[in-house]
Amino acid sequence: MILEVRGVSKRFGGLQALTNVSFTLTAGRILGLIGPNGAGKTTLFNVINGVYAPDGGQVIFREEDITGKPPYEVAQRGLARTYQVVRPLQELTVRENVMVGACFGREKHHKAPAAHIADEVLAFVGLAKKADLLAGSLNVAEKKRLEMARALAARPYLLLLDEVLAGLNPSEISAMIDTVRQIRDQGITIFMIEHVMQALMTLSDEVIVLDYGELIAAGTPEEVVEDPKVIEAYLGDPKIAQRLLAQESPDSLA
Amino acid sequence: MKALQRFGFWLPVLFILIWGLYILTVRQDSAREQAFTLLMFVGLASSLNILLGYTGYVSFGHIVFFGLGGYSGFYFLSAHNLPLLLSALLGGVVSAILAGLIGLAVLRLRGAYFALATIGVNEAARAFVSNFEPFGGATGLFVNYSVYQGFGGPGPALWRTFIYLWLIVLITVIISYVIKNSRFGLGLLAIREDEDAAMVMGVKAPRAKTLAFMFSAFFPGVIGTLYFFKNGNVEPGDAFSLHMSIEMLVMVMLGGMGTVFGPVIGAVAYQGLRGFLLTSPLFKNLHLAIAGVFLLLIVLFVPAGAIGWLRERFLKLRKVLE
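In order, the protein sequence lines correspond to chains A and B. Mapping of the first sequence onto this note's numbering: residues 580 to 833, in sequence order. Mapping of the second sequence onto this note's numbering: residues 12 to 333, in sequence order.
Please note that the accuracy of each hint is not assured.
[Stated by the list, open to error] Result set (DSSO-like, lysine-lysine): computed pairs, CA atoms no more than 27 Å apart in a straight line: (1) Lys327(B) with Lys708(A); (2) Lys709(A) with Lys330(B); (3) Lys648(A) with Lys687(A); (4) Lys215(B) with Lys687(A); (5) Lys687(A) with Lys709(A); (6) Lys690(A) with Lys215(B); (7) Lys709(A) with Lys295(B); (8) Lys241(B) with Lys690(A); (9) Lys295(B) with Lys708(A); (10) Lys690(A) with Lys709(A); (11) Lys241(B) with Lys295(B); (12) Lys690(A) with Lys708(A); (13) Lys687(A) with Lys708(A); (14) Lys687(A) with Lys330(B); (15) Lys295(B) with Lys690(A); (16) Lys648(A) with Lys215(B).
Quick caveat, the hints were computed from the structure, so don't treat them as lab data.
Turn these sequences into a full structure, and let the hints guide you.
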């Protein structure tokens, strides 16, 4: 058990963003997190990695209670993340960006070994040629890979990926899926938010579903998509598809 | 040390080294006085750059460390007869400790709020010192003439002060280079670019920012002591002058914030211009207005400053200009 979230709640003013969310994540697996917009997925990530302290509940990472610890403490324990909206350090080079991960992540390297790790990780994500460019000059797909490289350079045990596929074209998506698999094969546990359902279904060992801040389903990808509560959360009414189909009689089309 | 092989290290270091040696060989009082002011601003701009350029925090009231450190050093010197260099270093230590304490409270603020708070700190310090009896209140402190005897008269004392300042400024620039190229410096640059993302990557931002603030406060404290000793007195108006604080910002921006050499040439260029304006009958009352126009033009058209512009324009220079 690498991560255990116990009854976590988070409230922003009048908005209950997370309500009593509990789940566990086994080391070496890929856990997917889905849910409609505004369901609290990114908030859950922020609570896990210490950006927000939860109002209630606990986050246990590798048998240690990390609830409410600041993000840099969490990062140094081996929990890295990427952002949904990429946040490269614009005025630094691609290599320097990744070196920040290596210098301040779990292994806390000095600059020379960090540069070495950075080049290794950049080669892995396919950005080796861009190492000396400013991060601000990369395109979106490259920036996503940079985010990933930065997180990997920290040599994390657990990697939180926040919509790494969003905004990518189909060929970039399939390349990124391969990369995620390779990361898992290196022994890094992955917890990922994803809207590209097909990708999530092929990658995840398990999926959990958030809706209005509550965990409404958990299981294998196949179980979860069949779950009426999940369909309702996405479409509003589980029978809506059938009813829409029934209404579309030949006359109305003509 | 890998730094020893780098042009980016030697350029500012040799510049200051040769400059000081030149003044020492010429041995003219007027040349020394001019170089003293220029070097002082090189040191002030370089230390402000550690906070402004590397960490990305704008401090409008940075002169408070020059003032309070200078006052403290001057106090150790005149009231306790400590040696000049020791007093100056103690002045720096007082500034650094103060920065550490202020940092705990003020470095939680970001952007405009931080910048405003620094002005408040400077004004509060001025008001405090003006009413603080051990520091002479509104009239300030004066050098006891007997102090000069240890140097063999006022003349040699001023030369000695110049040599100390020269060496301190040299050390300031070396430290600035070392910080920029260190792991700690990389953390500061990450904070400058995106503080939240930096923390998520493991940068201990509160500690790193406070340390940067302390480094950038230490040198102004040392320089302040030397400057007020050279002047023979210190009073609140000179020590906490807000316009000098803003001129420091202009120098850093002019040369290029976040670069090692930028603040050095920014300070020299700005002071050169200022000297020209002050002596020209047409502009002598307008030099601050012109500084303001300058700041505006830099921010609008060359936000990276001279060195930053060169680095952007000619990518090959990135490896040699720091």
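Please write out, lowest number first, the hints stated earlier that are contradicted by the structure.
Hints 7, 8, 9 and 15 not satisfied by this model.
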